[in-house]
Amino acid sequence: MHILACPVCKGDLQLTVEEERDGDVLSGSLFCSHCQHSYPIVGGIPNLLPPDEAEAQD
Amino acid sequence: MTNEKIKDAVKARYSQIAERREQSCCASCGCGISPITKTEAIGYSREDLECIPEEAAMGLGCGNPTAIAELKLEETVLDLGSGAGIDVFLAATKVGPKGRVIGVDMTKEMIDKASAIAKSNGYTNVEFRLGEIEKLPVDDRSIDVVISNCVINLAPDKAKVFREAYRVLRTGGKFSVSDIVTERALSNEIRNDLNAWAGCIAGALEQQQYLRMIKEAGFVDLHVLSNREFYVEDSNNKEMVKLSSITVRACKRE
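Residue numbers (this note's numbering), protein chains in the order written: chain A, 1 to 58; chain B, 1001 to 1254.
Quick caveat, the hints were computed from the structure, so don't treat them as lab data.
Don't take every hint at face value.
What the hints assert, rightly or not - From the structure, some residues in chain A lie toward chain B, with a derived Cβ separation under 7 Å:
{"id": "1", "residue": "P7"}
{"id": "2", "residue": "N47"}
{"id": "3", "residue": "L48"}
To be verified - In silico DSBU-like cross-links for lysine-lysine, where the CA-CA straight-line distance does not exceed 30 Å:
{"id": "4", "chain 1": "A", "residue 1": "K10", "chain 2": "B", "residue 2": "K1215"}
{"id": "5", "chain 1": "A", "residue 1": "K10", "chain 2": "B", "residue 2": "K1094"}
{"id": "6", "chain 1": "B", "residue 1": "K1160", "chain 2": "A", "residue 2": "K10"}
{"id": "7", "chain 1": "A", "residue 1": "K10", "chain 2": "B", "residue 2": "K1098"}
{"id": "8", "chain 1": "B", "residue 1": "K1242", "chain 2": "B", "residue 2": "K1215"}
{"id": "9", "chain 1": "A", "residue 1": "K10", "chain 2": "B", "residue 2": "K1072"}
{"id": "10", "chain 1": "A", "residue 1": "K10", "chain 2": "B", "residue 2": "K1242"}
{"id": "11", "chain 1": "A", "residue 1": "K10", "chain 2": "B", "residue 2": "K1238"}
{"id": "12", "chain 1": "B", "residue 1": "K1094", "chain 2": "B", "residue 2": "K1119"}
{"id": "13", "chain 1": "B", "residue 1": "K1005", "chain 2": "A", "residue 2": "K10"}
Stated by the list, open to error - If you want a taste of the chain A side facing chain B, the calculated C-beta under 7 Å gives, among others:
{"id": "14", "residue": "L15"}
{"id": "15", "residue": "V17"}
{"id": "16", "residue": "I45"}
{"id": "17", "residue": "P46"}
{"id": "18", "residue": "P50"}
{"id": "19", "residue": "P51"}
Each residue gets a CB set at the ideal place from its N, CA and C atoms; glycine is no exception.
Assemble the whole structure, with the sequences as input and the hints as a guide.
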């Protein structure tokens, strides 16, 4: 998981790993310090929908 | 009609397709034909299709075989609206183990499906991200080639999609997409029909406007590589609409 950026401000994202297998992050989060928003990683898939979109999908 | 309503209609349609509750997506694809036959009909060679998992080829899109054919080893490729992953997997075989292919799609069911296919077939050079093509979760100047197959028409703000593609491409990077466009402006009845949006009709721009937007995003060396015209009946409005499936290539200025 590289060349990632925050979909809103395009800033760097800080990875927090909760569960990892064979180098793949299965769960965790990607935090944008500028937007103060945390993007979840669930089932190995990062949810990088912009915050308003992500809420609409829940 | 708001952009959010359009996105919701598109997501609803494509999540159903991902789960096989709905077969037909686009105006350009036929119904009742097997996905592989359909996929071959939109321009991919059987040889290429044999290299990828069958379930990734859902028979969606208008085909982007040229973009795939031109990929080189070790390139980093981004697929806008990757669906079940057909173009991501085709691209992955072209760029090889040192290359990388990233698929972005806003429909969770499609990303789940594509990721599951990647995992069960042992792909190590692909990744899928749930995201919007108008707000790409991708770093500036990090991509060699942006590809997209019949998806940009579904985005309410296409100028933004082109600007985002330009931003993520490295200098000299290639923008190589296929999409549906129209010859003339569509009627307001069609434009306001959410079903026609999700079916790749209502969101289609006039070709000249589409190409102008790509240039306005900053791209140079813009070429229309193929143009296939077809008619489709807009069932709600009982009207025949002339559409074109075009393949476009452009570059980010050196």
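Broken hints, by number: Checked against the structure, the hints that fail are numbers 10, 11, 14, 15 and 19, while the rest are satisfied.
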